[in-house]
Amino acid sequence: MSVYLVQFLSGLASASALFLAASGLSIIFGVTRVVNFAHGSFYMLGAFFGYTFVREVGGGGIGFWFALLLAALAVGLVGLVVELVILRRLYKAPELFQLIATFGVILIVQDVALWAWGAEDLLGPRAPGLTGIVRIFGTPMPVYDLALIAAGPLVLAALWLLFNRTRWGILVRAATEDREMVAALGVNQSLLFTGVFVLGSMLAGLGGAIQLPKGGADLLMDFGILAEMFVVVVVGGMGSILGAFLAAVLISLLNTFGILVWPDGTLVLMFILMAVILVVRPTGLLGRPETAGHKAEAGFETALRPAGPHYKLFIAAVLALLLVLPVLVGEFYLILVIDILVLALFATSLHFLMSTGGLVSFGHAAFYGGGAYAAALLVTYAATPFELALLLAPLGAGLLALVIGWFCVRLSGVYFAMLTLAFAQVAWSIVFQWSDVTNGDDGLLGIWPSAWASGTLVFYFLALVIAVGGIFLIRRVIFAPFGYGLRATRDSTLRAAAIGIDIKRQQLVAFVFAGAMAGLAGALFVFSKGSVFPDEMSIPRSFDALLMVLLGGVESLSGPFVGAAAFTYLHDELITFEYWRLLLGLTIVALVLLFPQGLAGAAKHYLGRYLKLEAEPTGAAVTKREVREA
Amino acid sequence: MSEAAVKPNPAAPSLAVRHLSKAFGGVQAVRDVSFDLGKGELLALIGPNGAGKSTCFNMLNGQIRADSGSVSLAGTELIGRSPADIWRRGVGRTFQITATFPSMTVAENVAMVLMSQRHELFSFLKTAVQRHRKKALELLDLVGMTGQADRPCGVLSYGDLKRVELAVALGNEPSVLLMDEPTAGMAPRERIELMGLAARLVRDLGLSVLFTEHDMDIVFGHADRIIVLSRGELIAEGTAEQIRSNPLVLKTYLGEGQIYGRKEG
Numbered sequence: 001m002s003v004y005l006v007q008f009l010s011g012l013a014s015a016s017a018l019f020l021a022a023s024g025l026s027i028i029f030g031v032t033r034v035v036n037f038a039h040g041s042f043y044m045l046g047a048f049f050g051y052t053f054v055r056e057v058g059g060g061g062i063g064f065w066f067a068l069l070l071a072a073l074a075v076g077l078v079g080l081v082v083e084l085v086i087l088r089r090l091y092k093a094p095e096l097f098q099l100i101a102t103f104g105v106i107l108i109v110q111d112v113a114l115w116a117w118g119a120e121d122l123l124g125p126r127a128p129g130l131t132g133i134v135r136i137f138g139t140p141m142p143v144y145d146l147a148l149i150a151a152g153p154l155v156l157a158a159l160w161l162l163f164n165r166t167r168w169g170i171l172v173r174a175a176t177e178d179r180e181m182v183a184a185l186g187v188n189q190s191l192l193f194t195g196v197f198v199l200g201s202m203l204a205g206l207g208g209a210i211q212l213p214k215g216g217a218d219l220l221m222d223f224g225i226l227a228e229m230f231v232v233v234v235v236g237g238m239g240s241i242l243g244a245f246l247a248a249v250l251i252s253l254l255n256t257f258g259i260l261v262w263p264d265g266t267l268v269l270m271f272i273l274m275a276v277i278l279v280v281r282p283t284g285l286l287g288r289p290e291t292a293g294h295k296a297e298a299g300f301e302t303a304l305r306p307a308g309p310h311y312k313l314f315i316a317a318v319l320a321l322l323l324v325l326p327v328l329v330g331e332f333y334l335i336l337v338i339d340i341l342v343l344a345l346f347a348t349s350l351h352f353l354m355s356t357g358g359l360v361s362f363g364h365a366a367f368y369g370g371g372a373y374a375a376a377l378l379v380t381y382a383a384t385p386f387e388l389a390l391l392l393a394p395l396g397a398g399l400l401a402l403v404i405g406w407f408c409v410r411l412s413g414v415y416f417a418m419l420t421l422a423f424a425q426v427a428w429s430i431v432f433q434w435s436d437v438t439n440g441d442d443g444l445l446g447i448w449p450s451a452w453a454s455g456t457l458v459f460y461f462l463a464l465v466i467a468v469g470g471i472f473l474i475r476r477v478i479f480a481p482f483g484y485g486l487r488a489t490r491d492s493t494l495r496a497a498a499i500g501i502d503i504k505r506q507q508l509v510a511f512v513f514a515g516a517m518a519g520l521a522g523a524l525f526v527f528s529k530g531s532v533f534p535d536e537m538s539i540p541r542s543f544d545a546l547l548m549v550l551l552g553g554v555e556s557l558s559g560p561f562v563g564a565a566a567f568t569y570l571h572d573e574l575i576t577f578e579y580w581r582l583l584l585g586l587t588i589v590a591l592v593l594l595f596p597q598g599l600a601g602a603a604k605h606y607l608g609r610y611l612k613l614e615a616e617p618t619g620a621a622v623t624k625r626e627v628r629e630a
Numbered sequence: 001m002s003e004a005a006v007k008p009n010p011a012a013p014s015l016a017v018r019h020l021s022k023a024f025g026g027v028q029a030v031r032d033v034s035f036d037l038g039k040g041e042l043l044a045l046i047g048p049n050g051a052g053k054s055t056c057f058n059m060l061n062g063q064i065r066a067d068s069g070s071v072s073l074a075g076t077e078l079i080g081r082s083p084a085d086i087w088r089r090g091v092g093r094t095f096q097i098t099a100t101f102p103s104m105t106v107a108e109n110v111a112m113v114l115m116s117q118r119h120e121l122f123s124f125l126k127t128a129v130q131r132h133r134k135k136a137l138e139l140l141d142l143v144g145m146t147g148q149a150d151r152p153c154g155v156l157s158y159g160d161l162k163r164v165e166l167a168v169a170l171g172n173e174p175s176v177l178l179m180d181e182p183t184a185g186m187a188p189r190e191r192i193e194l195m196g197l198a199a200r201l202v203r204d205l206g207l208s209v210l211f212t213e214h215d216m217d218i219v220f221g222h223a224d225r226i227i228v229l230s231r232g233e234l235i236a237e238g239t240a241e242q243i244r245s246n247p248l249v250l251k252t253y254l255g256e257g258q259i260y261g262r263k264e265g
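If you're matching them up, the sequences are chains A and B in order.
Going by my numbering, the first sequence opens with residue 1, and the numbers climb by one from there.
Going by my numbering, the second sequence opens with residue 1, and the numbers climb by one from there.
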């Protein structure tokens, strides 16, 4: 019995850090409407700062806690810089840009942390005076856990006081309800936003710091906690701090008890819990129904139009060039173009989901990697021939998308996005941990195409046919009744439902289709490289796809192709440097800040003359009509 | 209002609403509302803001689930069905604030309805471009919008959007049309034009229409019959004459005094 009690208390202890981090994320989103992806990085920085400060000043019992607070303050300072330098300029930009920018921050923080603290996992310092153990009915338990258990409710109470008893807190709550109204009342909005961002960052930093004696500090903390935070926020109900607390406790308890009952299945248990709660209460435990208008809009108001004659000519020229490419360049470049083709199909499938469906997925790599693993597992365990594996892989990815999508389409906007990321992280963890089957981090090797397709030249043409064919298929679907129906659900859910469109079904089928196409790209990938590693399913890979969509612009379907080419080039240039993540992160942030309307938007701006000629008659007609009517 | 007080309509009712109730938390938005919508009738639902008109509408087309009561469409119970299902059974609606697909052209907006009606929305390989264009143009011709068929809905004026909505609502040949404040937010002349057009169309097509409206000229000018909702309850029903002289309606909604010309103390 006492074992269970201790396990229960230990679950409560680990809930505290998770709650602190998640509440910060929730507060920041509530007011600024920015999903701060760098929040996991702030948590990680809290742990690293805490480690250093405890060493420098944390001599005695008071010094230790002072050092943790100092770490939180330091992270708050980092948050201040991020808000002032980056986010402040992006509040009005489409959400995709904010996400990409905070993802840039993740990359920067990763390399800065690597440079400052090294690649080794750091063992957390122990809290002076709390190093011992207590016996609870005979079962030992670290005293520090008791301190952690107290920390969660303490911070919860402090936040409650802040938001209910102080003027600033009430303003923050008001801004969460109605930003425009608060601004209209003469509140300095940018000051409020900055304050909220710093507070949220400090909470993340504190969360990272207080778990030091238990979990230490390492470079993988950022993505791990990010997915958990999203689960907490979605399960607890966005914007509800008490809900975040309850969800953090629930998930931590599930983890600690899950280990006792089913050591290998904790992730699956978390998955089931999240699924059950979302089916019963789509808004989370204490969440309120979403108010309309909080969509994760990626800035796709315009629609793709069928290609004009000039555009068709251009596409034909590009295709002709790709066909004769093997004559023009050597094997090295052919392999590079195969990479681009594969990524272009991957990015196009995401672009379809985002532009036509308005569904911003943060976990699209689950299906890219899913397809790659489906093919690799089929070859490894069932000796499936290459051709069949290539055919079955998209089906496998589609099946995975059906399961994940069935839950995700119940939510919309950023909640949808967060849930896709959380599920993708679960999928990644399963592949990473289930090493008996997937070989874990060592990956699956020796997955080569059949002899006839193993030469670079033949494989190049195969990849060309499949990738270009896939992209054309996606384009076809966009202009098919299905694509129109999907666009209708994006444009107006109200009207779509009123004319008999089953919105969730339309979205789910789109999700499965996009997943299957990503899986096809993944299968091509695994056969072009001969191996697959869990990285292909990871959050960074999902962001690569988002980045490609962003780089290429959202205006046309050739966007993802351009994006994939630009991304491959950028990646290949930077990877030769030791701190390539830092450079990539800085590049991303710079691109987003310089072109807050996207590369395509910038191009449109500079080539505006031609486009204006087209746009003018429409505008003039409107004016004339309104004049006549007046 | 009890059921006994509902006067049976000479024609068989298209929509028979009985004892409809809905509460939001502690607020009883609609309480025990019963009425018939006769075949081919233009029935106006009026009442002050917050009387429960929109809640009634949303229950009729399935957007809000009623707490209790029944809505029968030619013998079929509608309560508990999804908006999509109810639409397929021939109950169309327009919204108080227009809802169209801004990224699509006017003609495509109408074509969407036709594709949905024909169960084509899970077709992956046919093309939707120019699909059902002829039929869409016919519908647009009814509302006088053929000239703007190829403009995106996102750039239209409000009055034109209302016309497009009308064409969209007629797209699946409904038997019942619910119009939530069809002329809200429009200039006086446009209001008269639009309501005249809508009334003419539904009479030509033999539709039964339930509409809400705050403009009494429109209501008295077009409605065959009027029902009055106040604080969630039906307080009166009758012809324009009867409603105009009903003391309870005057007190709760229409007002007894003049709006213009009275000197404020």
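Because the hints were derived from the structure by calculation, they are not lab data.
One or more hints might be untrue.
Derived pair list, reagent style DSBU-like, types lysine-lysine, alpha-carbon separation capped at 35 Å [what the hints assert, rightly or not]:
hint, chain 1, residue 1, chain 2, residue 2
1, A, K504, B, K251
2, A, K504, A, K214
3, B, K251, B, K126
4, B, K251, B, K39
5, A, K214, B, K39
6, A, K529, A, K92
7, A, K312, B, K251
8, B, K39, A, K312
9, A, K214, B, K134
10, B, K126, B, K39
11, B, K134, A, K504
Hint check:
About 46 Å separates the Cα atoms of A:K504 and B:K251, which puts this hinted pair outside 35 Å; it is violated. This hinted pair does not check out: A:K504 and A:K214 have alpha carbons roughly 43 Å apart, beyond 35 Å. Taking the CA atoms of B:K251 and B:K126, the gap is about 59 Å. The hint is violated against a cut of 35 Å. Restraint check: the Cα-Cα separation between B:K251 and B:K39 comes to about 31 Å, which is no more than 35 Å; the hinted pair holds.
Distance hint between A:K214 and B:K39 is unfulfilled; the C-alpha atoms sit about 74 Å from each other, more than 35 Å. With a C-alpha separation of about 41 Å, the suggested pairing of A:K529 with A:K92 is violated against the 35 Å cut-off. Distance restraint check for A:K312 and B:K251: the Cα-Cα separation of roughly 68 Å exceeds the 35 Å cut-off, and the hinted pair is therefore not satisfied. A C-alpha spacing of about 53 Å is found between B:K39 and A:K312, which places the hinted pair above 35 Å, so the restraint is violated.
A hinted pair counts as satisfied when its Cα atoms are at most 35 Å apart, and A:K214 with B:K134 does not qualify at roughly 70 Å. The suggested pairing of B:K126 with B:K39 is violated, with an alpha-carbon distance near 39 Å, which exceeds 35 Å. Restraint check for B:K134 and A:K504: the C-alpha separation of about 30 Å stays at or below 35 Å, so the hint holds.
The structure fails to meet hints 1, 2, 3, 5, 6, 7, 8, 9 and 10 from the earlier list, while all remaining hints are met.
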